[in-house]
Amino acid sequence: MNDYQYDNGTVKGFIVSSIFWGVVGIIVGLWISIQMWSPAWNIPPYFTFGRLRVVHTNGLALGLGVGAIFGICYYITMRLTKRPLLFPRLARFHLYLFNAAITLAALSLFAGMNQSLEYAELEWPLDIGVVVLWVIFAVNIFGTIIKRKEEQMYISLWFILATVVTVAVLYIVNNLAVPASLFKSYSIFAGVNSANVQWWYGHNAVGFIFTTPILAMFYYFLPKSTGLPIYSHRLSIVAFWSLVFAYLWTGAHHLVYTPLPDWIQTLGIAFTIFLIAPSWGSVVNGFYTVGADWSQMRNNYLTKFFILGITFYGLQTIQGPTQGLRIVSQLIHYTDWVPGHVHMGTMGWVTMTVAASIYYIIPKIYNTEIHSVKVANAHFYLVLTGQLIFSITMWFTGIQQGALWKATNPDGTLKYTFMEGLIKNYPFWQMRTVGGLIFTVGMLFFIYNIYMTVRKGKALAASSI
Amino acid sequence: MINDTDNLEAFEAKETVNKLPVSWLILFWGLILWGIYYFVSYTPSISGWSQEKAYEESIRK
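First to last, the sequence lines map onto chains A and B.
In terms of the working numbering, the first sequence has 98 at position 98, counting the first letter as 1, and numbering is strictly consecutive.
In terms of the working numbering, the second sequence has 21 at position 21, counting the first letter as 1, and numbering is strictly consecutive.
Just to be clear, a hint being listed does not mean it is correct.
Once the Cα atoms are required to be at most 27 Å apart in a straight line, the calculated DSS-like pairs of lysine-lysine come out as [said to hold, decoys possible]: (1) Lys19/B x Lys304/A; (2) Lys374/A x Lys424/A; (3) Lys61/B x Lys82/A; (4) Lys224/A x Lys149/A; (5) Lys406/A x Lys14/B; (6) Lys12/A x Lys184/A; (7) Lys406/A x Lys53/B; (8) Lys147/A x Lys364/A; (9) Lys224/A x Lys19/B; (10) Lys304/A x Lys374/A; (11) Lys424/A x Lys364/A; (12) Lys304/A x Lys53/B; (13) Lys456/A x Lys304/A; (14) Lys53/B x Lys415/A; (15) Lys406/A x Lys458/A; (16) Lys364/A x Lys82/A; (17) Lys61/B x Lys149/A; (18) Lys304/A x Lys12/A; (19) Lys14/B x Lys224/A; (20) Lys61/B x Lys415/A; (21) Lys82/A x Lys149/A; (22) Lys304/A x Lys364/A; (23) Lys12/A x Lys374/A.
These are computed hints drawn from the structure, not numbers from a lab.
In this text, all values refer to a predicted model and were calculated from it rather than measured experimentally.
In isolation and in its complexed conformation, chain A is listed as follows (with noise of 0.2 Å):
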């Protein structure tokens, strides 16, 4: 029975720290959003552009969404395998070194140094901090499951052990280097093979960080939150496998139009379109799952985040593989375009899944009720309107460029310099930005509905003594 209190107590200090460092990453995104169309809002050399966005990338995936997932992930296991995790004071040595990372891959991002490869840009020493963590969460992750108490392992697992197998490849290969000090490296790869490498990592952390735990927790709490069970049990085993398999070759398609072999690129767009069926299978699973009784829309606050989650995780999985397209790359790429896609999948479907876990999680391991379902309700269509608002300027804004920059004179000399179509775009940015302050403040809403809940529930354990 302690042992399960012990566990919860690791599990609400992932979530705690991960909302920190949410905040942290939230904060910086608006701020770099402001520095793009207003350039005074760099201050040298720690907070210009260059700096902040690292910190504001890493502090989010890393901070907010590794951090989360870690807690989450102990949480889900714990109960589809009917036991306490198998090494408790281990699990909380991880969250106490998590955060102690965390702090140092801020600080140093803050002073400059960066292995220069998207994604993965912590210097040498912070990789094997982030490679002991993830060992940590493999060991107790696979020896919980192997212990377990209940044969049948649900949906859920399986995707948190794909995340933790492929992260672990990923993240070890693409940081191959060889130190040339305490705070600098030269990665093994280099020139096209470099750029090959750290596109496969790069959007296979999207698929394994992004996608697969977030399904984990998709497949777990919709049926928990609203009662219904899964529409169908093999189709997300078909559409688990179908997943993990084509994910991996998908990487290429990041370099189209570029000295990458033709044939591999080929190769990485014919996936990538593949990958439509199995992302489809979650989204048709979920909407079925929630078609035997479409109330809970308008009943369960819960249901809202989990579906709309799983509508912008569709919108994402059509969007992304026609990007990737050789006619739709060559219009798209290197524009604004792109971080309007990343933001529709990390605001819209991540966060919103997330945060939903957690209004699950807190209340559960309080033994009470979330403090004000209208504050969740707030918080709900702030998020929405805040990350509409940030996807649909930078889909106006990036097709604008990239027409702008492929328009050409009948000689063939470029129609625009590079600054029209730079000014063009400050309107669409300060949209964003508003946008952007939409979504903090929805955020703040989740925030201060989580303090409450967590004082309501410590009043009540108080009392029951």
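Following the hints, position chain B against chain A.
For chain B alone, coordinates are given in the frame of chain A:
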């Protein structure tokens, strides 16, 4: 205290547990066929297409 141990029965619908929607199966197999077509058509050593040739053709127009 764990107040929500899971009963797997409650997670999986009974009548539809083994169903794969036909529309989804069409999508699944359709995209595999399309992938084969695309790979054959745009791989230089199979179809003769190449990025270089496609580019030269586009500027000749």
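Given the hint that Lys224/A pairs with Lys149/A, test it: the Cα-Cα distance must not exceed 27 Å.
holds (20 Å)
Pairwise hint evaluation, Lys415/A against Lys53/B, where the allowed Cα distance is 27 Å at most:
holds (25 Å)
Below or equal to 27 Å on CA atoms is what counts here, so check Lys406/A against Lys53/B.
holds (19 Å)
For the pair supplied as a hint, Lys61/B and Lys149/A, confirm whether the alpha-carbon distance does not exceed 27 Å.
Answer violated: Lys61/B to Lys149/A is near 69 Å, above 27 Å.
Distance restraint between Lys12/A and Lys374/A, which requires alpha-carbon spacing of 27 Å or less:
holds (23 Å)
If you draw a straight line from the CA of Lys424/A to the CA of Lys364/A, is it 27 Å or shorter?
violated (50 Å)
Given the hint that Lys19/B pairs with Lys304/A, does the C-alpha gap stay at or below 27 Å?
Since the Cα atoms of Lys19/B and Lys304/A sit roughly 25 Å apart, the hinted pair holds (cutoff 27 Å).
Given the hinted pair Lys304/A and Lys53/B, is their Cα-Cα distance within 27 Å?
violated (50 Å)
Under the criterion that the straight-line Cα-Cα distance not exceed 27 Å, is the pair Lys304/A, Lys12/A satisfied?
holds (24 Å)
Given the hinted pair Lys147/A and Lys364/A, is their Cα-Cα distance within 27 Å?
Within the cut-off at roughly 24 Å; holds.
Between the alpha carbons of Lys406/A and Lys14/B, is the straight-line distance 27 Å or under?
With a Cα-Cα distance of about 55 Å, the restraint between Lys406/A and Lys14/B is violated, given a limit of 27 Å.
Agreement of Lys14/B and Lys224/A with the hint, judged by alpha carbon distance not exceeding 27 Å
holds (16 Å)
Figure legend: structure checked against the earlier numbered hints; hints not met, in rising order: 2, 3, 5, 6, 11, 12, 15 and 17.
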